[in-house]
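Undergrad: Read off the chains here:
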Amino acid sequence: MRKQYSLLISLLIIVLVLLTFLHLNGGFNSWILMNLTEFNTNSTESIILKEIHLPRTIMVLIAGSALSIAGLLMQTYFNNPLAGPSILGISSGSNLFVAITLMSSGIFSSNLSIISAAILGAIFFSFIILGFSLKVKSTTSLLIVGVMLSAFTSSIVQLIQADSTLDALRSFTIWNFGSVQQVQLDQIPMILFFFFIGFFSLIFLIKPLNLLVIGENQAEFLGLQPRKIRWILILITSIFTGLVTAFCGPISFVGLAVPNLVKLIFKTTNHKTLIIGTLIVGSLFLLICDLITYSLEDLISIPLNSITSLFGAPIIIWIIIRRKWND
Amino acid sequence: MKQVICTLFFGIVLFGCKSKKENYKSNKNENITFAKHFNIIKKGDKTIVSIIHPDNNKIDKTLYFNRNKPNTIWCNNITYHSNAVICFSSTFIGLLDKINELHRIKGVENKNLIYNNEIITKINNELIQELGSPETASTKKIINTKSELILFSGFGHEFPNEKKLNKLNILCLPIYDWKETHPLGKAEWIKLFGIITNKEKEATNYFNKLKARYFNLLKKYKNVKQSAPLFSGSLIGDFWFLPAGESYIAKLFKDARINYVEQKSKGTGSVSKSFEYCLKNYKNSSYWLNPGNKSIKSLVAQNEKYRLFDALKQNTYCYSHNPNLYWEKSAIEPDSLLMDLIQISHPELKLKRKLYFYKKLH
Amino acid sequence: MIEINKVTIGINANLFSIDKVKLEKGKLYALIGKNGSGKSTFLKTLGELIQPFKGEIQWRMNSRKEQRIAFVTSKFDGIEYLTTYDYIALGRAPYTNIFGKLKSEDHDFIKNICNKLNINSLLDKFTTEISDGERQIASIAKAICQDTELIILDEPIAFLDYENKIKITQILAEIAKQRNCCIIHSSHDIDISLMMVNEILIIDSVNKKLTQHPIENINKDKVLNIAFPNDQFLNI
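Residue numbers (our numbering), protein chains in the order written: chain C, 7 to 333; chain D, 3 to 364; chain Y, 353 to 588.
One chain only, chain C, in its complex shape:
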């Protein structure tokens, strides 16, 4: 890694750490951390910090990284800067499987069953998209297939909802909004566990990803084993996507926008740099979005998804305009 990258990464990490503390504190509006001198486990402040702020901050950091990495992997694999877990319908696969799980076993279904359902759903839908990608060569057409897949899934979810018990429905409705606030403290260990599984697998993906930059056919001559890599990539993307979708519901545009931002900042195709950058910038992006909802909380109630779309959508449009289109 070249010198300027290390400098840039250190700088981003410093900003990330500062903002993480600010976020843990609850944004600019409250000063919980400052009152911690009188920390005792029963004060309202410490309960809020432990039960509300901590899970939310951890979830934001992980969701931002995980979705962005999933986006990066897909963009490299499909050789398409507009690929991402939500636009290709992978998230909607998780969504559907979680819906089925919740509806069949009610809100008392365990965390593990929900997260497994989400990951399985993501894997299943990744293969559907992969199947289409073999038939549909044009990058934009593939995105349309993804959008159609999402639309198709959401109507199935609605059909399932129409015929389900009250409590299950309510918890699913809540889950469906896309939120980093629903996660509970006791779910955090499992989230971290799955995140780190994905995270450590990334180390072994750097070389294949760098080869995939020049296309699967060319990469094969340089020793890439396409079938094996395809499996591993889908598995890891699905872990990252499913993990977030299981606990936050659908959060849009992060996976799509962040990798493009990172490429723009670092101007490289070396995935060692890109992965590190994406992990940091992904967390940072969602952290800033959620800090905005914190700050506006007293004035207006805005769902996190509106803020990510507010920043994400223009970035995407800008990429489309800027790019010489190959289709």
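Simulated from the structure, these hints should not be mistaken for laboratory data.
Do not take every clue at face value.
What the hints assert, rightly or not - Which residues of chain Y face chain C? A few of them, derived with a C-beta cut under 7 Å, are: (1) PRO404; (2) GLU418; (3) PHE423; (4) TYR433; (5) LEU434; (6) TYR437; (7) LEU442; (8) PRO446; (9) GLY452; (10) LEU454.
To be verified - Derived DSS-like pairs (lysine-lysine); straight-line CA-CA distance at most 27 Å: (11) LYS417(Y) to LYS234(C); (12) LYS477(Y) to LYS379(Y); (13) LYS278(C) to LYS379(Y); (14) LYS278(C) to LYS455(Y).
All C-beta atoms, glycine included, are put in the ideal place defined by N, C-alpha and C.
Add chains D and Y to chain C, keeping to what the hints say.
TA: Same frame as chain C, but now just chains D and Y:
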């Protein structure tokens, strides 16, 4: 399902319509004392009813009635009849029930939202049709019920396909009872239902008795000391919706001498708060109304963090209403609702009465 | 190095057959034939992407494929934010560890090749910023970095101007000699091929045969006669 719809309705819809200034200066007939969104003027045999638009407080619809021609309504120079009615809100069923006019009902929204046994039996026997919500109800199905009048909760818009239905001599009448900010204002809409069904006298009688009962309660518990703090609602997505300080529910809380946590907030709809705000401010409150779940188990399964509230921890003061009964009867029996609230919030009175709308969560 | 005896080329159908072709180290070969005669299919068969229709191709060596064969496509459009150096360095991938880390020997190898090809000024530029000819040289540099005995190029000069066509063919000839590897490329530029290559392989699509001709035994008329036997106007 029911609860979700009710809560969403109560939360989101009211939230969308909050804080409209009431600038309507009516030349009100003295008959209407509490309701603000309709108006009755009498001239000999003729009765003129104006429905007042909730957003701009202008007249939305003017209806003409003639005592010599029962079951007939004139609106915009078209003659309509009121023998067969569709009710898109169970509140209207409660109102019609009080004046024994349920037989006119030919269509409702959804059987699962109905409390009234007579209506449910008729739905089972296909004498009353289920039509779905106004947005999704098929016009063909509406026509097939041979109804002449559609009563729906108005939000300032026309009923879907209203012009077409008018041509088929079906009148679409928006009811703004949910916009009323006084509990008796909601109930006073029974007077309009009385005029429509030729039961004006019965309606007025009922309302006067109700008014007397309500004021008696107020008088009786005037000197009760203010209750411990009470909050209501639960999270919908990331936000917690509570009735705003000038809303109809807040007025009831006030009348029940309840220390309602958001009594000072502005607006007639609802206020939305973050979970953190709620935890900070309501953590030590004693009473939690309408958490929107049937049991504490399912409430906690939905969100583990609800346990942090004292009201739930102590497991004693969490109350939820029976939604179908509530939406059907609370508007027309605000005295029972008031009594429930007094009983819940003032255990020191040691009232032995059985709660009517509410049930303690277990 | 490679001997091809009694092999039929084609994916689902017989395109042409080969009685005997022998490819040797240190030589540059040109493959000439009509459009659709099966040039790409032959190169892909040679590159072990597809199997021959009938028969088998014999190899002397038996190491990993990515260390035996390098393949260059006719056009590389450049990749955003991919520098020329990083692109060429991908050629070392078959020799790096699982993390893809380049050792100092690898860097030396790459620099050495770039020096020879005289493309040091391009290395820091993005592949999208350099010309078509420069990109083709970079692709060839990448293939050379792969350090293989066989380099296959599918119409490497088809999209270039005349000057670049000559330059690149010349580079290929020199590389074959210097690095003692076998380079085979398909081409439509018969004149250039006759000037620079060691041997020419011609696909006769009428008789469905591939024949091998050392450059000393052949001239342009003969090439045209074999490759385009029915197009009489060419002989005028």
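Undergrad: A separate judgement is required for each hint: does it hold in the structure or not?
TA: Going down the list of hints, with the structure as the test:
1. PRO404: violated (19 Å)
2. GLU418: holds (4 Å)
3. PHE423: holds (5 Å)
4. TYR433: holds (5 Å)
5. LEU434: Given a least distance of 4 Å, the restraint on LEU434(Y) holds.
6. TYR437: Check failed: Cβ of TYR437(Y) comes no nearer than 11 Å to chain C, outside 7 Å.
7. LEU442: holds (6 Å)
8. PRO446: holds (5 Å)
9. GLY452: holds (3 Å)
10. LEU454: violated (11 Å)
11. LYS417(Y) to LYS234(C): holds (17 Å)
12. LYS477(Y) to LYS379(Y): Roughly 32 Å between the alpha carbons, so the hint for LYS477(Y) and LYS379(Y) is violated.
13. LYS278(C) to LYS379(Y): At roughly 39 Å apart (the allowed maximum being 27 Å), LYS379(Y) and LYS278(C) break the hint.
14. LYS278(C) to LYS455(Y): Status holds; Cα separation ~16 Å.
Going through the hint list in order, the structure does not satisfy hints 1, 6, 10, 12, 13.
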